[in-house]
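For the record, the sequence lines run as chains A and Y.
Under our numbering, the letters of the first sequence match residues 1 to 295, in that order.
Under our numbering, the letters of the second sequence match residues 1 to 315, in that order.
Don't take each hint at face value.
[As the list claims (entries may be wrong)] Residues on chain Y that point at chain A, a partial pick, calculated with CB under 10 Å:
(1) Phe51
(2) Leu96
(3) Ala97
(4) Arg100
(5) Ile108
(6) Gly131
(7) Leu270
(8) Gln278
(9) Val283
(10) Val284
(11) Arg290
[Stated by the list, open to error] Over 12 Å on every C-beta distance to chain A, these chain Y residues come out as not near it, computed from the model:
(12) Gly92
(13) Arg99
(14) Gly176
(15) Arg188
(16) Met202
(17) Leu224
(18) Val255
[Stated by the list, open to error] DSSO-like, lysine-lysine: derived pairs with alpha carbons at most 30 Å apart:
(19) Y:Lys180 to A:Lys97
(20) Y:Lys180 to A:Lys286
(21) A:Lys89 to A:Lys172
(22) A:Lys97 to Y:Lys303
(23) Y:Lys306 to A:Lys97
Note that these hints are calculated values from the structure, not bench results.
For glycine and all other residues, C-beta sits at the position ideal for the given N, C-alpha and C.
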Amino acid sequence: MFELLGIPPQVLFGQLLLGLINGAFYATLSLGLALIFGLLNIINFTHGAQYMMGAFVAYLLLNLLGIGYWPSLFLAPILVGLVGIVLEKTMLSRLYKLDHLYGLLLTFGLALLIEGAFRQMYGVSGLPYPIPDVLKGGQNLGFMFLPNYRAWVVVASLLICFATWFLIERTKLGSYLRAATENPALVQAFGINVPRMITLTYGFGVALAGFAGVLAAPIYSVNPLMGSNLIVVVFAVVVIGGMGSILGAILTGFGLGLVEGLTKVFYPEASNTVIFIIMAIVLVLKPAGLFGRAR
Amino acid sequence: MIRIISLVALIIIALVAPFFFYPVFLMKALCFALFACAFNLLLGYVGLLSFGHAAFLGSAAYVTGHSMKVLGLPPELSILAGTGAAALLGLGFGWLAIRRQGIYFAMITLALSQMVFFFALQAPFTGGEDGIQAIPRGYLLGFIDLNNQLTLYYFVLAMFVFGWLVIYRTIHSPFGQVLKAIRENEPRAISLGYRTDQYKLMAFVLSAALSGMAGATKTLVFQLASLTDVHWHMSGEVVLMTLLGGMGTVFGPVVGAFLVVTIQNYLAQLGSWVTIIQGGIFVVCVLLFRRGIVGEAMALARKLRKKPEKEDAVS
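Let the sequences and hints guide you as you build the complete structure.
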């Protein structure tokens, strides 16, 4: 058996896979954040809670209605997205003319509200969600064991990230969206319903978080606090990448996940903080972020 | 005239309060009031929303606790050490965070404070999940026994008044006027020749140091420094106190801190309801009364009097 710098390959590749999976969640979540920020100019602090809601909706669909993983993968994001649309229509839309900080404060309050409510109802201990039958088991690749479900998570997030990129950069709808990000007033003047576009964008960004939540449900236990711990890291990822480009958000997300995985192998003490340290370094060298434009 | 009477009344209330209310509750509220005032210096007067102020409160708490319990330093030196540690941390965080503005500033401070949280979780001297417990209160200046509840109360009150006066003086100094100019229109302040980054950094360090002082005092009161102090929930709470009381007012954060601590006290048994209610207050504040309680009251008083006042009327 060969070794790399004294590290057995199972450990190395195992952690790299874990890093890749974390990276998949970072990418999907920061993509949603970047989309919402682009058009609404608010940072959606509720994103973590909405990711958690995605997992919970999948759990509840399974246990109350007997609806399995595959339908949930579509139903849960739609339901979470609808809740997001209601929030945008009733609350967020009143804040667009004010300082952007109010949007942050409102979504922070909403995150507390939602997480507190779920904690009150389901406690803090995790609830189990089974891996769908098709994806049970794994492949022995010789140098490591690859569980099927984890491979699926990486593939699924790559697919959804690519689809989002394609939608925004290569379709007519996306071109409207990009135009509205640059100059909403002008786009409105061309007869496009910008307020509705804003609502739908928020719904879509939130649905992405819900999708990530369903993907996460079988890996991490379904837990009211699963989002709040993740969202702080995702914020750091967003600062590192800069919110200028879609592709940038995806690359930064996966890249930082891998870096985190590597840190777990070589210097486990720093694995929790490595992303924040990278953020500090990036801020010194390139304050606008790796892919960002100064705003 | 009314102002002097109400000030005297406030002082008398503060002096006799421990005979009517549970002193520990008052001391907790005073510590958080100082914390919120320090935070408000940044949010209300420079317009910078920091989401990581727990890092300063918590790191000062740990340093104070460590120097009291392990190094055996007297309380005054320990508080000084805690405050100094928070100020140094503030210098580092501020240096990084003022490179970005608005929402990014909030996210950066949040991420940096999360780093402090993980450090506190893993570092050998912080006691991990247990925190530093049973910290002795000791003798102030060698002869004032802080184990006496009432003595400690007046000490905490003195610390609060000192911190509050520092903030009051800062706001009403030429330095404070520049800060307000930065809040209103930073490019214009720059074009007038002010090095706004330096002003922002100084305000940040001052705010961090005073937050640290609040944390150090809190450690003496509870004889405990724990992970709660550095968790981002704490950062959220101080935002809530300031928002609820009224940001950009000198008394708002005090009112907000007393209200939030009262809510925590009465609802402590109800578990998650505290979080739900805090979230609800956030939403209501942002949607309905953004000026906070004191801010709205001042606006109302101004309307009743129907006479134009200075833009930044201070109670």
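Do the hints match the structure? See the list:
Taking 10 Å as the C-beta cut-off, the interface hint given for Phe51 of chain Y holds, the closest approach to chain A being about 8 Å. Hint on Leu96 of chain Y holds. Least Cβ distance to chain A is approximately 5 Å, under the 10 Å limit. Evaluation of the Ala97 of chain Y hint against chain A yields a held restraint, the C-beta minimum of about 8 Å falling below 10 Å. With a least beta-carbon distance of about 6 Å to chain A, the hint placing Arg100 of chain Y at the interface is held under the 10 Å criterion.
Interface hint status for Ile108 of chain Y: upheld, as the beta-carbon distance to the closest one in chain A is roughly 6 Å, under 10 Å. Given the 10 Å rule on beta carbons, the hint for Gly131 of chain Y is violated: about 18 Å separates it from the nearest Cβ of chain A. Because the smallest distance between the Cβ of Leu270 of chain Y and any Cβ of chain A comes to about 9 Å, under 10 Å, the interface hint for this residue holds. For Gln278 of chain Y, the interface hint holds, the least distance from its beta-carbon to any beta-carbon of chain A being 6 Å, beneath 10 Å.
Taking 10 Å as the C-beta contact cut-off toward chain A, the hint placing Val283 of chain Y at the interface holds, the least distance being around 4 Å. For Val284 of chain Y, the shortest C-beta to C-beta distance to chain A is roughly 8 Å, which falls under 10 Å, so the interface hint holds. Among the interface hints, the one on Arg290 of chain Y holds; its C-beta lies about 7 Å from the nearest C-beta in chain A, closer than the 10 Å criterion. Taking the minimum C-beta to C-beta distance to chain A, about 9 Å, the non-interface status of Gly92 of chain Y is violated against the 12 Å cut.
Look at Arg99 of chain Y: its CB is around 4 Å from the nearest CB on chain A, not clear of 12 Å, so calling it non-interface is violated. Look at Gly176 of chain Y: its CB is around 20 Å from the nearest CB on chain A, clear of 12 Å, so calling it non-interface holds up. In this structure Arg188 of chain Y is separated from chain A by more than 12 Å, as the shortest Cβ-Cβ distance comes to about 17 Å. Residue placement check: Met202 of chain Y keeps its beta carbon more than 12 Å from all beta carbons of chain A (closest about 19 Å).
For Leu224 of chain Y, the condition that its CB be more than 12 Å from all CB atoms of chain A holds, with the nearest at approximately 22 Å. The Cβ of Val255 of chain Y lies farther than 12 Å from every Cβ of chain A, with a closest approach of about 18 Å, so its non-interface assignment holds. Of the pairs offered as hints, the one joining Lys180 of chain Y and Lys97 of chain A holds, with about 21 Å between alpha carbons and a cut-off of 30 Å not exceeded. With a C-alpha separation of about 28 Å, the suggested pairing of Lys180 of chain Y with Lys286 of chain A holds against the 30 Å cut-off.
For the given pair, Lys89 of chain A sits about 25 Å from Lys172 of chain A by alpha-carbon distance, which is consistent with the 30 Å threshold. Of the supplied pair hints, the one linking Lys97 of chain A and Lys303 of chain Y holds, its CA atoms being roughly 24 Å apart against a limit of 30 Å. Taking the CA atoms of Lys306 of chain Y and Lys97 of chain A, the gap is about 27 Å. The hint holds against a cut of 30 Å.
Comparing the model with each earlier hint shows violations of hints 6, 12, 13; every other hint is respected.
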